Amino acid sequence: MSYMIALAGNPNCGKTSLFNELTGSRQRVGNWPGVTVDKKEGTYKKDKEIEILDLPGTYSLSPYSAEEIIARNYLVKEKPDAVINIVDGTSLERNLYLTLQILETGIPTVIALNMMDEVEDRGDEIHIEKLSRAFGVPVIPIVARNGRGIWELMEKAAETAREKRAPMKLPVFDKKLQETIDQVKALLEAEGEPDSGWKAVKLLEHDENVREQMKEDLKNQAGKLTAKRYGQEADLEAEIADQRYQYITKAVKDAVTKHSAGCVETKSDKLDKLFTNRILALPVFAVIMYLLFACTNSENFLFLGIPSPGIWLAGVVESLWGGLTGLAERALAGASPWIYSLVIDGIMGGLGSVLGFIPLVLVLYILISFLEDCGYMARIAFVLDRIFRRFGLSGRSFIPLLQGFGCSVPAVMATRTLESEKDRKITAILAGFMPCGAKLPIFALFASTLFADNNQTLVTYSLYVLSIVMAVLVSLLLNKFVFREGTSNFIMELPQYRIPTLKSVLIHGWEKVKGFAVKAGTVIFVSTVLIWFLSGFNLNSFNGKNAAENEDGSIMCGMNDSFMASVGNVIAPVFRPLGFGEWRPAVGVITGWIAKENVVVTFAQLYQEDVTEAYLEEYFSQYSPKELEELGFEGGVYNAEAAGDIYSENILFEGSDENALPHMRDDIQTKAAAYAYMVFNLLCMPCFAAVGAMKRELKTWKETGRAVAVQMAAAYTAALLVNMVGGLFL
Amino acid sequence: MTLKEMKPGQSGRVRAIGAGGPLKRRIMDMGITPGVEVKVIKTAPLGDPIEIHVRGYELSLRREEALQIEMGD
Ligand SMILES: Nc1nc2c(ncn2[C@@H]2O[C@H](COP(=O)(O)OP(=O)(O)O)[C@@H](O)[C@H]2O)c(=O)[nH]1
Ligand SMILES: [Mg+2]
Numbered sequence: 013m014s015y016m017i018a019l020a021g022n023p024n025c026g027k028t029s030l031f032n033e034l035t036g037s038r039q040r041v042g043n044w045p046g047v048t049v050d051k052k053e054g055t056y057k058k059d060k061e062i063e064i065l066d067l068p069g070t071y072s073l074s075p076y077s078a079e080e081i082i083a084r085n086y087l088v089k090e091k092p093d094a095v096i097n098i099v100d101g102t103s104l105e106r107n108l109y110l111t112l113q114i115l116e117t118g119i120p121t122v123i124a125l126n127m128m129d130e131v132e133d134r135g136d137e138i139h140i141e142k143l144s145r146a147f148g149v150p151v152i153p154i155v156a157r158n159g160r161g162i163w164e165l166m167e168k169a170a171e172t173a174r175e176k177r178a179p180m181k182l183p184v185f186d187k188k189l190q191e192t193i194d195q196v197k198a199l200l201e202a203e204g205e206p207d208s209g210w211k212a213v214k215l216l217e218h219d220e221n222v223r224e225q226m227k228e229d230l231k232n233q234a235g236k237l238t239a240k241r242y243g244q245e246a247d248l249e250a251e252i253a254d255q256r257y258q259y260i261t262k263a264v265k266d267a268v269t270k271h272s273a274g275c276v277e278t279k280s281d282k283l284d285k286l287f288t289n290r291i292l293a294l295p296v297f298a299v300i301m302y303l304l305f306a307c308t309n310s311e312n313f314l315f316l317g318i319p320s321p322g323i324w325l326a327g328v329v330e331s332l333w334g335g336l337t338g339l340a341e342r343a344l345a346g347a348s349p350w351i352y353s354l355v356i357d358g359i360m361g362g363l364g365s366v367l368g369f370i371p372l373v374l375v376l377y378i379l380i381s382f383l384e385d386c387g388y389m390a391r392i393a394f395v396l397d398r399i400f401r402r403f404g405l406s407g408r409s410f411i412p413l414l415q416g417f418g419c420s421v422p423a424v425m426a427t428r429t430l431e432s433e434k435d436r437k438i439t440a441i442l443a444g445f446m447p448c449g450a451k452l453p454i455f456a457l458f459a460s461t462l463f464a465d466n467n468q469t470l471v472t473y474s475l476y477v478l479s480i481v482m483a484v485l486v487s488l489l490l491n492k493f494v495f496r497e498g499t500s501n502f503i504m505e506l507p508q509y510r511i512p513t514l515k516s517v518l519i520h521g522w523e524k525v526k527g528f529a530v531k532a533g534t535v536i537f538v539s540t541v542l543i544w545f546l547s548g549f550n551l552n553s554f555n556g557k558n559a560a561e562n563e564d565g566s567i568m569c570g571m572n573d574s575f576m577a578s579v580g581n582v583i584a585p586v587f588r589p590l591g592f593g594e595w596r597p598a599v600g601v602i603t604g605w606i607a608k609e610n611v612v613v614t615f616a617q618l619y620q621e622d623v624t625e626a627y628l629e630e631y632f633s634q635y636s637p638k639e640l641e642e643l644g645f646e647g648g649v650y651n652a653e654a655a656g657d658i659y660s661e662n663i664l665f666e667g668s669d670e671n672a673l674p675h676m677r678d679d680i681q682t683k684a685a686a687y688a689y690m691v692f693n694l695l696c697m698p699c700f701a702a703v704g705a706m707k708r709e710l711k712t713w714k715e716t717g718r719a720v721a722v723q724m725a726a727a728y729t730a731a732l733l734v735n736m737v738g739g740l741f742l
Numbered sequence: 743m744t745l746k747e748m749k750p751g752q753s754g755r756v757r758a759i760g761a762g763g764p765l766k767r768r769i770m771d772m773g774i775t776p777g778v779e780v781k782v783i784k785t786a787p788l789g790d791p792i793e794i795h796v797r798g799y800e801l802s803l804r805r806e807e808a809l810q811i812e813m814g815d
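These protein sequence lines are chains D and L, in that order. Per this note's numbering, the first sequence starts with residue 13, numbered consecutively. Per this note's numbering, the second sequence starts with residue 743, numbered consecutively.
Simulated from the structure, these hints should not be mistaken for laboratory data. Quick caveat, the model's predicted, so the values are computed rather than measured. We put the beta carbon where it would ideally sit given N, CA and C, even for glycine. There could be a bad hint or two in this list.
Unchecked claim - List time: in silico PhoX-like cross-link candidates among lysine-lysine, alpha-carbon distance up to 20 Å: (1) K187(D) - K176(D); (2) K168(D) - K91(D); (3) K270(D) - K781(L); (4) K766(L) - K434(D); (5) K91(D) - K187(D); (6) K168(D) - K58(D); (7) K781(L) - K746(L); (8) K282(D) - K781(L); (9) K285(D) - K766(L); (10) K746(L) - K766(L); (11) K265(D) - K142(D); (12) K52(D) - K714(D); (13) K188(D) - K142(D); (14) K749(L) - K784(L); (15) K279(D) - K766(L); (16) K181(D) - K262(D); (17) K285(D) - K784(L); (18) K746(L) - K282(D); (19) K285(D) - K781(L); (20) K240(D) - K197(D); (21) K142(D) - K240(D); (22) K714(D) - K434(D); (23) K227(D) - K89(D); (24) K434(D) - K707(D).
Stated by the list, open to error - These stretches of chain L come out as covered by chain D in the derived footprint (C-beta under 8 Å, 3 or more residues): (25) 763-776; (26) 793-801.
Claimed, not checked - These stretches of chain D come out as covered by chain L in the derived footprint (C-beta under 8 Å, 3 or more residues): (27) 119-133; (28) 392-399.
Construct all of the structure, not just a fragment, from the sequences and the given hints.
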């Protein structure tokens, strides 16, 4: 017999920390209210029979945000064998409000009284026995962060689950209210509604979800019943919340002895004085954001002349990958040309370009995790809310958008923590505009080849700024014309500042990157092979014509005659007004939808045929032996074997040579067109993985389609303007 | 008087919640119910939202939301 035990509680009460201790699993923890975005399962370390489930935090069983709905639906529909209700000992009253509602569901429950270390530090005392008596279930004090008390907790929880010990009924409501509830309950029971007790309370609370699923007739009858007792204008919703809190206030008063009556200024309060200071808050925020990006992708870290941790790590990964590619090249020396081409150009080349920026994303997310875990993110939302509201969003939209600088997938998922549906939808659209890690190589490629005259950094930064400007504009437009009705609110807990554990920051950062890395390993792997195939083969590959024509008998064809060229040629005219209406750039856009990093991979592959041996020899003849040595030729002597690698490593992606990729110049002739191409790729539909995430958040394909249409329209308009207006100046 | 008019450092008891619908429910779920004592801690640097101390923790809400919370004994 196996048991399912769910962890439920307010955001930030320590559910994830407890989950990690119990399962030994790598589960992200965070201090951003509602950081657990999905429910996650694990097996209890000490008893494989027990499954443990980490639910997203919720303040009440009347859900508001999408993730609160996840928690509530699980509890009331799937019914775990027991619930461990985690209660933050430092703010008992608010936490116990959820407890009362969990108890109403009748699921066997144990209360875990967490953060006991902080309670003790404050010198407060909680009488466990009294609390347990008031709520009619076992209460076990724990410290989730270091594991104190958690084995006793699990023993009690397992016992409660085994014996199906339903919580006893508590005298929470006054006589009149309780009688009304009982009457409605009897009504529901007579109609055969399951969970009648819990639903009766929810019905009186005007819970939308419950009401939607109930028969009109039943609702009317229940309405009449309450009207008879409380009058037409009855506000039972408030009455119920009020009486629950009254019960809790009394119980807490009995059970807790406070060390000091007033509020003492804690360290947390002092920090807060700085971070939300009237004058310093915004400058401090700017500095922190600057540091965040400086650590991630700056060649000259804090002007120290050294690369930033992100760039440094990327360099390490790239050189390791280069070594591996070298090994593969040697191993395949005798293989047939198409296998060699598939492995070296297709697979190793494709994955290599992705591996190059995973470290950047990892460093960014570790830092974001730190800011979340320590409690600063909530303050950023607090400080920025005013600004975001101007654009029709809430300060809480900041975090998904910031995550968008890493990867759109976690960014879109993070919109779940937003309470208002309008904010959620708009933010999910805007997240796709952000310059995610995968888009950076596009900028780097273009900046270094088509904008070679030293303003590369400016080009890249201008795109960052553009993404933000577009986000603001599109949000304003959507608010004005599409989501006129929706409202947003900003009722948010500001958690205590806490120094996060290193372990939790690393786990948290890695969890976000993991999806990204997996995507790189699968989607991109498959798509690079696909691009390689489509751009090296055509129909004649399979009827023998190519083999007959080619000197070496290969069935491959030139890129210009490939399948890819045919596809590209069909859609290219659409992009003609934007300045890049040729098949190769068009193919780049399409492969970018599979994954944005593919744009660069595609370019490298599509323009590869320019890079013939003769071309390379001529190209490198402009360099002196000393320069050749600096570029990586052994002894400063040109050799054909190394030339290809050195060319793509130094010239194509990092160098600053206008003459690189001559055909690219033919296809994208003006700087305005090149910039328009970057703008289009920046703003248009994100990769399919992100669209999948959007579908999950927006629920229907129709909504998702609309969101993508907005992104496409924004991208097309912006790129068109750039090409037209820019054409006049550049 | 409403919570919106209170200055940082001031505290008082909640008398009633004016709003209806989900907003009212949210406010009450977070522990702001009639009779509870709240203290205004500060205003955000740009003037909105505000931070209050209620039932032993810190909560932020916008002024327009605070407008719905009537204070007084
Ligand atoms: N001092 C202390 N901090 C804790 C304890 N349990 C969790 N935390 C911290 O509280 C914050 C929120 O924890 P988390 O597990 O993410 O909570 P969740 O949102 O409920 O999943 C993190 O910074 C944890 O390190 C505890 O027992 N004592
Ligand atoms: Mg969590």
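Hint check:
Distance hint between K187(D) and K176(D) is unfulfilled; the C-alpha atoms sit about 29 Å from each other, more than 20 Å. With a C-alpha separation of about 18 Å, the suggested pair K168(D) and K91(D) falls inside the 20 Å cut-off, and the hint holds. As the CA atoms of K270(D) and K781(L) are separated by approximately 18 Å, the hinted pair is consistent with the 20 Å bound. Of the pairs offered as hints, the one joining K766(L) and K434(D) holds, with about 19 Å between alpha carbons and a cut-off of 20 Å not exceeded.
Straight-line distance between C-alpha atoms of K91(D) and K187(D) comes to about 29 Å, which puts the hinted pair past the 20 Å bound. Restraint check: the Cα-Cα separation between K168(D) and K58(D) comes to about 14 Å, which is no more than 20 Å; the hinted pair holds. A hinted pair counts as satisfied when its Cα atoms are at most 20 Å apart, and K781(L) with K746(L) qualifies at roughly 12 Å. For the hint linking K282(D) to K781(L), the alpha-carbon distance of about 17 Å falls within 20 Å, and the restraint holds.
At most 20 Å may separate the alpha-carbon atoms for a hinted pair to count; K285(D) and K766(L) exceed this at roughly 30 Å. Between K746(L) and K766(L) the CA atoms are separated by roughly 15 Å; this keeps the pair inside 20 Å, and the hint holds. The suggested pairing of K265(D) with K142(D) holds, with an alpha-carbon distance near 10 Å, which does not exceed 20 Å. Of the pairs offered as hints, the one joining K52(D) and K714(D) is violated, with about 28 Å between alpha carbons and a cut-off of 20 Å exceeded.
About 27 Å separates the Cα atoms of K188(D) and K142(D), which puts this hinted pair outside 20 Å; it is violated. For the proposed pair K749(L) and K784(L), the alpha carbon gap of about 8 Å is at most 20 Å, so the pair holds. A threshold of 20 Å between alpha carbons decides the hint, and for K279(D) with K766(L) the separation of about 33 Å lies outside it, so the pair is violated. This hinted pair checks out: K181(D) and K262(D) have alpha carbons roughly 17 Å apart, not beyond 20 Å.
Distance restraint check for K285(D) and K784(L): the Cα-Cα separation of roughly 9 Å lies within the 20 Å cut-off, and the hinted pair is therefore satisfied. Simply put, K746(L) and K282(D) have alpha-carbon atoms about 24 Å apart, too far for the 20 Å limit, and the pair is violated. The straight-line distance between the Cα atoms of K285(D) and K781(L) is roughly 16 Å, inside the 20 Å bound, and the hint therefore holds. A threshold of 20 Å between alpha carbons decides the hint, and for K240(D) with K197(D) the separation of about 16 Å falls inside it, so the pair holds.
In summary, the hint linking K142(D) to K240(D) is not supported, as the alpha carbons are separated by about 38 Å, beyond the 20 Å threshold. For a cut-off of 20 Å, the pair hint linking K714(D) to K434(D) stands: about 16 Å separates their Cα positions. Straight-line distance between C-alpha atoms of K227(D) and K89(D) comes to about 18 Å, which keeps the hinted pair within the 20 Å bound. Among the hinted pairs, K434(D) with K707(D) is consistent with the structure: their alpha-carbon atoms are about 15 Å apart, no more than 20 Å.
Only residues whose beta carbon comes within less than 8 Å of a beta carbon in chain D count, and the stretch 763-776 of chain L has 12; three or more means the coverage holds. Counting residues of the stretch 793-801 of chain L whose CB falls under 8 Å from any CB of chain D gives 7; the rule of at least 3 is met. With 0 residues having a beta carbon nearer than 8 Å to a beta carbon of chain L, the stretch 119-133 of chain D misses the requirement of three or more and the stated coverage is violated. Check result for the stretch 392-399 of chain D against chain L: holds, 5 residues qualifying (beta carbon to beta carbon below 8 Å, three or more required).
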